[in-house]
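The letter at position 103 of the sequence shown is residue 108 when you use our numbering, and the numbering goes up by one with no holes.
If you're looking for bench data, these hints aren't it; they were derived computationally from the structure. Be careful, since some hints might not be right.
[To be verified] Cross-link-like lysine-lysine pairs, in silico, PhoX-like; alpha carbons within 25 angstroms at most:
#1 Lys211 with Lys153
#2 Lys154 with Lys212
#3 Lys201 with Lys142
#4 Lys142 with Lys154
#5 Lys211 with Lys166
[Stated by the list, open to error] Distance windows between CB atoms, simulated:
#6 Ile33 with Ala54: 22 to 28 angstroms
#7 Glu34 with Thr159: 43 to 49 angstroms
#8 Thr159 with Trp210: 19 to 25 angstroms
#9 Lys37 with Tyr194: 37 to 43 angstroms
#10 Gly56 with Asn126: 33 to 39 angstroms
#11 Trp210 with Leu91: 35 to 41 angstroms
#12 Ile33 with Trp210: 44 to 50 angstroms
#13 Ala30 with Tyr197: 36 to 42 angstroms
Since the model is a prediction, treat every value here as computed from it, not as a measurement. All residues carry an ideal CB built from backbone N, CA and C; glycine is no exception.
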Amino acid sequence: MKINYKKTIPVCIAILLSGLNYAQAPAIEWQKSLGGTGDEYASSIIQTADGGYVIAASSNSNNGNVTGNHGNYDYWLSKLNSTGNLQWQKSLGGTAGDYASSIIQTADGGYVVAGSTNSNNGDVMGNHGYSDGWILKTNSDAGVIFWKKTLGGTDYDVISKIIPTTDGGYIFAGNSSSNNGDVPGNNGYVDYWIVKINSDGNVQWKKI
Numbered sequence: 006m007k008i009n010y011k012k013t014i015p016v017c018i019a020i021l022l023s024g025l026n027y028a029q030a031p032a033i034e035w036q037k038s039l040g041g042t043g044d045e046y047a048s049s050i051i052q053t054a055d056g057g058y059v060i061a062a063s064s065n066s067n068n069g070n071v072t073g074n075h076g077n078y079d080y081w082l083s084k085l086n087s088t089g090n091l092q093w094q095k096s097l098g099g100t101a102g103d104y105a106s107s108i109i110q111t112a113d114g115g116y117v118v119a120g121s122t123n124s125n126n127g128d129v130m131g132n133h134g135y136s137d138g139w140i141l142k143t144n145s146d147a148g149v150i151f152w153k154k155t156l157g158g159t160d161y162d163v164i165s166k167i168i169p170t171t172d173g174g175y176i177f178a179g180n181s182s183s184n185n186g187d188v189p190g191n192n193g194y195v196d197y198w199i200v201k202i203n204s205d206g207n208v209q210w211k212k213i
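Construct all of the structure, not just a fragment, from the sequences and the given hints.
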């Protein structure tokens, strides 16, 4: 039998389109807006071992849901329960710009947060100049800092992503235009930068 494709194709399309009309939009279980009267930029969210969520963001607010801002942008951590209710929040940083980019939960229930900092006061120590990578480890229930590390050189250094490793340490990737300090052998302008640290944040090796 010879098929009339000119008639068949429009019918098939019509059937597909009619099916789309009956498709159900996904139901929103809950949603939350969190922040203050300044700017909040969320960059990383993970589900936590208790079924809730933790968000790493950057904030320059000091009201609303945000307290303890040190000036300019801070890392802003917020912990939600499984239905989106805020359990705790914490602003971490100094008086210059501090920008969180990645968060993971550790085996002890705490968190490791990574990003970049231009500060050299408040919670931040040892800035090498301009923007450095900044990594910190907090406890599980209040964002209290256990340890913190500022890594980089005298130019632009940022951390984009951190992941846990099987030996209990961490590895992070980012970008660097430095050629001194913690950054070896820059090849010119901006390179990608990889650093392996142990469970206490001490550098084990680094590559650029």
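query: Cβ-Cβ distance between Glu34 and Thr159: within 43 to 49 angstroms?
result: holds (48 angstroms)
query: Cβ-Cβ distance between Ala30 and Tyr197: within 36 to 42 angstroms?
result: holds (40 angstroms)
- request: State, for the Cβ atoms of Thr159 and Trp210, whether the hinted interval 19 to 25 angstroms holds or is violated.
  value: Since the Cβ atoms of Thr159 and Trp210 sit about 21 angstroms apart, the hinted range of 19 to 25 angstroms holds.
Pairwise hint evaluation, Lys166 against Lys211, where the allowed Cα distance is 25 angstroms at most: holds (15 angstroms)
message: What's the verdict on Lys142 and Lys154, does the C-alpha distance respect the 25 angstroms limit or exceed it?
response: Holds, at roughly 9 angstroms.
message: Quick check on a hinted range of 22 to 28 angstroms for Ile33 and Ala54, using CB atoms only.
response: holds (25 angstroms)
task: Assess, step by step, whether the Cα of Lys201 is no farther than 25 angstroms from the Cα of Lys142, and give holds or violated.
output: holds (15 angstroms)
query: Lys211 and Lys153: Cα distance at most 25 angstroms?
result: holds (18 angstroms)
message: Taking 33 to 39 angstroms as the stated bounds, is the beta-carbon spacing between Gly56 and Asn126 within them?
response: holds (37 angstroms)
field: Consistency of beta-carbon spacing, Leu91 to Trp210, with hint 35 to 41 angstroms
entry: The hint (35 to 41 angstroms, Cβ to Cβ) holds, given that Trp210 and Leu91 are roughly 39 angstroms apart.
- prompt: When you take the CB atoms of Ile33 and Trp210, is the distance between them in 44 to 50 angstroms?
  reply: holds (45 angstroms)
task: Starting from Lys154, check that the Cα of Lys212 is at most 25 angstroms away, please.
output: With a Cα-Cα distance of about 17 angstroms, the restraint between Lys154 and Lys212 holds, given a limit of 25 angstroms.
Going through the hint list in order, the structure satisfies each hint without exception.
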